[in-house]
Amino acid sequence: MARITYREAISQALREEMYRDDRVFIMGEEIGTWGGTYAVTRGFLDEFGEKRVRDTPIAEGVIVGAAAGAAIAGLRPVAEIMTINFAFLAMDQIVNHIAKFYYMFNGQIKCPVVIRTVGGGGRQLGATHSQTPDVVFAHFPGLKVIAPSTPADAKGLLKAAIRGEDPVLFIENATLYQSRGEVPDDEDYILPIGVSDVKREGKDVTIVSYSKMLPVCLQAAEQLAKDGIEAEVIDLRTLRPLDTRPIVESVRKTNRMVVVEEGWRAYGIGAEIASRVTELAFDYLDAPVRRVAQAEVPLPYNKELEQMALPQLPDIIHAVRDVLYLDV
Amino acid sequence: MTKELTKDELLELHQQMVLTRRFEEKSAELYAEGKIGGFLHLYIGQEAIAMGACKALKPTDHLLTAYRDHGWAIARGLDPKAIMAELLGKATGVSGGKGGSMHLASSEHNYWGGHAIVGGHLPIATGVALAISYKEEPDAVLCVLGEGTTNIGYFHESINLAAVWKLPIVFLVENNQYGMGTEVARASAVTNIYEKGCAYDIANRQLNGQDVIEMYQNVDEALDYARKEGPVLLEALTYRYSGHSMGDPERYRSKTEIEEWRVRDPIARLEDYMTDKKLAKKADFEAIRAQVETELVEIVEFAEESPNPEEAALCEFVYVDPIPHR
Numbered sequence: 001m002a003r004i005t006y007r008e009a010i011s012q013a014l015r016e017e018m019y020r021d022d023r024v025f026i027m028g029e030e031i032g033t034w035g036g037t038y039a040v041t042r043g044f045l046d047e048f049g050e051k052r053v054r055d056t057p058i059a060e061g062v063i064v065g066a067a068a069g070a071a072i073a074g075l076r077p078v079a080e081i082m083t084i085n086f087a088f089l090a091m092d093q094i095v096n097h098i099a100k101f102y103y104m105f106n107g108q109i110k111c112p113v114v115i116r117t118v119g120g121g122g123r124q125l126g127a128t129h130s131q132t133p134d135v136v137f138a139h140f141p142g143l144k145v146i147a148p149s150t151p152a153d154a155k156g157l158l159k160a161a162i163r164g165e166d167p168v169l170f171i172e173n174a175t176l177y178q179s180r181g182e183v184p185d186d187e188d189y190i191l192p193i194g195v196s197d198v199k200r201e202g203k204d205v206t207i208v209s210y211s212k213m214l215p216v217c218l219q220a221a222e223q224l225a226k227d228g229i230e231a232e233v234i235d236l237r238t239l240r241p242l243d244t245r246p247i248v249e250s251v252r253k254t255n256r257m258v259v260v261e262e263g264w265r266a267y268g269i270g271a272e273i274a275s276r277v278t279e280l281a282f283d284y285l286d287a288p289v290r291r292v293a294q295a296e297v298p299l300p301y302n303k304e305l306e307q308m309a310l311p312q313l314p315d316i317i318h319a320v321r322d323v324l325y326l327d328v
Numbered sequence: 001m002t003k004e005l006t007k008d009e010l011l012e013l014h015q016q017m018v019l020t021r022r023f024e025e026k027s028a029e030l031y032a033e034g035k036i037g038g039f040l041h042l043y044i045g046q047e048a049i050a051m052g053a054c055k056a057l058k059p060t061d062h063l064l065t066a067y068r069d070h071g072w073a074i075a076r077g078l079d080p081k082a083i084m085a086e087l088l089g090k091a092t093g094v095s096g097g098k099g100g101s102m103h104l105a106s107s108e109h110n111y112w113g114g115h116a117i118v119g120g121h122l123p124i125a126t127g128v129a130l131a132i133s134y135k136e137e138p139d140a141v142l143c144v145l146g147e148g149t150t151n152i153g154y155f156h157e158s159i160n161l162a163a164v165w166k167l168p169i170v171f172l173v174e175n176n177q178y179g180m181g182t183e184v185a186r187a188s189a190v191t192n193i194y195e196k197g198c199a200y201d202i203a204n205r206q207l208n209g210q211d212v213i214e215m216y217q218n219v220d221e222a223l224d225y226a227r228k229e230g231p232v233l234l235e236a237l238t239y240r241y242s243g244h245s246m247g248d249p250e251r252y253r254s255k256t257e258i259e260e261w262r263v264r265d266p267i268a269r270l271e272d273y274m275t276d277k278k279l280a281k282k283a284d285f286e287a288i289r290a291q292v293e294t295e296l297v298e299i300v301e302f303a304e305e306s307p308n309p310e311e312a313a314l315c316e317f318v319y320v321d322p323i324p325h326r
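If you're matching them up, the sequences are chains A and Z in order. Take the first sequence: its position 73, counted from the start at 1, is 73 in the numbering used here, and no numbers get skipped. Take the second sequence: its position 275, counted from the start at 1, is 275 in the numbering used here, and no numbers get skipped.
Calculated directly from the structure, the hints in this document are not laboratory data. Just so it is clear, CB atoms sit at the ideal spot from N, CA and C, and this is done for glycine as well. Hints may be right or wrong, so weigh each one.
[Stated by the list, open to error] Quick list of the computed label-pair ranges, beta carbon to beta carbon:
1. Z:Leu314 - A:Asp322: 37 to 45 Å
2. A:Arg245 - Z:Glu33: 21 to 29 Å
3. A:Glu165 - Z:Pro59: 22 to 30 Å
4. A:Glu47 - Z:Gly37: 50 to 58 Å
5. A:Lys253 - Z:Met180: 34 to 42 Å
[Said to hold, decoys possible] Listed next, the in silico BS3-like pairs over lysine-lysine satisfying Cα-Cα at most 30 Å (straight line):
6. A:Lys110 - Z:Lys255
7. Z:Lys26 - Z:Lys281
8. Z:Lys277 - A:Lys110
9. Z:Lys58 - A:Lys110
10. A:Lys110 - A:Lys51
11. Z:Lys255 - Z:Lys58
12. A:Lys51 - Z:Lys228
13. Z:Lys58 - A:Lys51
14. A:Lys226 - A:Lys199
15. Z:Lys7 - Z:Lys255
16. Z:Lys35 - A:Lys51
17. A:Lys110 - Z:Lys282
18. Z:Lys281 - A:Lys51
19. Z:Lys26 - Z:Lys228
20. Z:Lys282 - Z:Lys228
21. Z:Lys278 - Z:Lys35
22. Z:Lys281 - Z:Lys3
23. Z:Lys135 - Z:Lys277
24. Z:Lys58 - Z:Lys3
25. Z:Lys278 - A:Lys110
26. A:Lys253 - A:Lys303
27. A:Lys253 - A:Lys226
28. Z:Lys135 - Z:Lys166
29. Z:Lys278 - Z:Lys7
30. Z:Lys278 - Z:Lys3
31. Z:Lys3 - Z:Lys277
32. A:Lys199 - A:Lys253
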């Protein structure tokens with residue numbers, strides 16, 4: 001075990017997989033000479049050379065499509081899309097092609113491509129560079145969508161994605177890159193894709209979240225504990241396939257649930273989880289499920305306005321007290 | 001170096017062209033009878049391109065096409081019975097009845113589809129060429145597209161990247177004069193499509209798509225060039241006799257125009273050539289036609305008698321790796 005950052009954990013996963021398997025290579029904008037806009041692949045060009053660290057033109061459609069083509073022809077490409085906002089330029093490749101090949105061609109064509117990208121707001125980048133549209137991508141069967149919250153999960157899940165046979169969208173969060181955590185040194189440290197994780201046990205309320213909002217939920221749980229409220233915090237880790245089992249088990253115990261996501265509320269992750277819990281554990285609920293999410297506006301530039309639009313720690317506390325019918 | 005085709009090879013190409021035409025005519029009938037669903041895009045009139053081009057492919061080379069793909073699948077050597085079964089949505093179809101007319105594929109033939117989002121397969125084909133280059137294999141990719149596709153961003157993104165990385169890929173444009181119902185000059189600022197290759201400084205050439213021999217020889221040269229030097233853009237001039245798909249009212253063109261192109265029919269052209277060169281007689285072609293009719297009966301019988309996919313097929317092949325639990 002070593003205590004490293006989220007950025008280092010992702011970098012380590014990529015490096016280890018590139019040493020393990022010659023078929024693994026990376027491609028994307030500014031990943032080579034520049035070292036990655038978020039410095040995840042710094043040093044890779046010197047270490048692995050131009051063949052396996054491929055700077056591309058600014059052309060997301062062909063970055064993702066060519067990575068997918070290389071994948072169907074037997075390689076293990078990891079394509080980087082600089083931010084998830086630009087993934088919309090490759091949306092057709094991701095949803096109309098990559099997510100369809102295996103099924104539509106009846107199991108003949110496998111497309112084991114990994115697309116790494118970065119989502120989330122809070123850094124004053126304005127409406128076009130601050131989105132959290134994870135749920136849009138999670139809508140499509142055939143694609144796997146991963147969004148880890150800790151360095152260990154990031155490493156274990158990225159390695160699983162690279163070694164797996166299915167196409168994966170791996171969504172990182174820029175505000176998490178500096179966060180630290182214990183990460184196993186084991187080169188075969190693999191986490192299963194599609195398994196939610198209980199990050200904190202509690203008996204009074206279930207808080208479900210993922211990625212950047214997960215540590216905020218853990219902070220909220222600490223604060224709530226001071227008032228004698230024990231929150232169970234569940235990290236989705238994978239948005240598709242979605243593992244509902246630990247959530248349902250938790251709600252059967254706590255009878256109350258709050259879902260926290262950075263993206264918009266409408267048609268969101270919270271809506272999906274609340275719906276599944278209603279279907280699977282309706283009789284166990286003692287209060288309506290509450291959602292904490294982003295205000296329904298394109299994210300503004302001004303720092304105060306931006307923070308106002310994003311879900312915050314007090315919003316989580318407020319929602320938890322609300323489902324417990326406590327004074328807020 | 002231009003390769004000459006033997007008499008037997010020419011007769012085989014003739015047989016495949018006739019088979020493709022009859023296959024398509026039969027498909028139209030089955031569509032009218034309601035046995036084929038969805039869209040159906042016929043290849044009639046364009047047969048020389050697929051037959052000539054695929055003749056130039058090695059078994060280890062790769063092929064990706066758009067959705068007017070029946071002729072390409074036949075030319076690449078897929079079993080016509082399994083192609084027809086796919087059109088009828090049967091379990092024995094090349095894509096198990098899950099793909100349909102526009103999504104034919106066969107991994108064992110390195111035929112990576114049959115793609116129905118215009119332009120979407122160009123980046124994928126570029127990636128297959130990247131894999132060849134990465135693995136230092138001696139193969140090449142043939143990526144087939146319509147002329148309407150050359151106005152899409154993907155065309156430019158893909159050719160640019162293929163040129164920057166010198167990838168072994170031939171982009172073959174089938175210019176059948178219309179993108180659905182819009183003629184080339186109304187949609188493309190450059191009407192000599194092959195000239196678009198100049199923008200990316202890649203080798204380019206315009207071909208007579210009605211001439212199967214010209215197609216074979218040029219695609220063969222282009223593939224060899226691509227293996228060594230990088231991407232090539234070919235434009236094959238052709239014409240589809242049928243509408244864009246079934247049920248096309250064809251308000252955009254005249255009967256005279258269709259008749260003018262019928263004079264340049266690719267099958268008749270090959271027959272004339274072989275007769276002139278005394279390589280075959282009328283009786284030889286008639287024998288081929290009779291043989292194709294027998295084969296066609298077997299093809300349709302196989303497709304019609306094949307079972308529908310089992311209910312279990314519905315949720316099969318969504319993911320390769322098992323999902324832990326729900």
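Checking one constraint from the list: CA of Lys282 (chain Z) to CA of Lys228 (chain Z), max 30 Å. Satisfied?
Given that 30 Å is the threshold and the Cα spacing comes to 42 Å, the pair is violated.
Straight-line alpha-carbon gap Lys58 (chain Z) to Lys3 (chain Z), limit 30 Å:
The hint holds at about 14 Å.
Can you confirm whether the C-alpha distance between Lys253 (chain A) and Lys226 (chain A) stays at or below 30 Å?
At roughly 21 Å apart (the allowed maximum being 30 Å), Lys226 (chain A) and Lys253 (chain A) satisfy the hint.
May I ask you to test the hint 34 to 42 Å on the CB atoms belonging to Lys253 (chain A) and Met180 (chain Z)?
violated (59 Å)
For the pair supplied as a hint, Lys26 (chain Z) and Lys228 (chain Z), confirm whether the alpha-carbon distance does not exceed 30 Å.
Violated: Lys26 (chain Z) and Lys228 (chain Z) sit about 42 Å apart, past 30 Å.
Does the structure keep Lys7 (chain Z) and Lys255 (chain Z) at a Cα separation of 30 Å or less?
violated (35 Å)
Restraint check for Lys253 (chain A) with Lys303 (chain A), where alpha carbons must lie at most 30 Å apart:
Between Lys253 (chain A) and Lys303 (chain A) the Cα gap is close to 40 Å, so the pair fails against 30 Å, i.e. violated.
Between Lys278 (chain Z) and Lys3 (chain Z), does the CA-CA distance stay at or below 30 Å?
holds (19 Å)
30 Å limit on alpha-carbon distance, applied to hinted pair Lys135 (chain Z) and Lys277 (chain Z)
violated (44 Å)
Lys278 (chain Z) and Lys7 (chain Z): Cα distance at most 30 Å?
Holds - the C-alpha atoms of Lys7 (chain Z) and Lys278 (chain Z) are around 10 Å apart, at most 30 Å.
For the pair supplied as a hint, Lys110 (chain A) and Lys282 (chain Z), is the alpha-carbon distance within the 30 Å limit?
At roughly 47 Å apart (the allowed maximum being 30 Å), Lys282 (chain Z) and Lys110 (chain A) break the hint.
Pairwise hint evaluation, Lys35 (chain Z) against Lys278 (chain Z), where the allowed Cα distance is 30 Å at most
violated (43 Å)
In this structure, the earlier hints numbered 2, 5, 6, 8, 11, 15, 16, 17, 18, 19, 20, 21, 23, 25 and 26 are contradicted, and the remaining ones agree with it.
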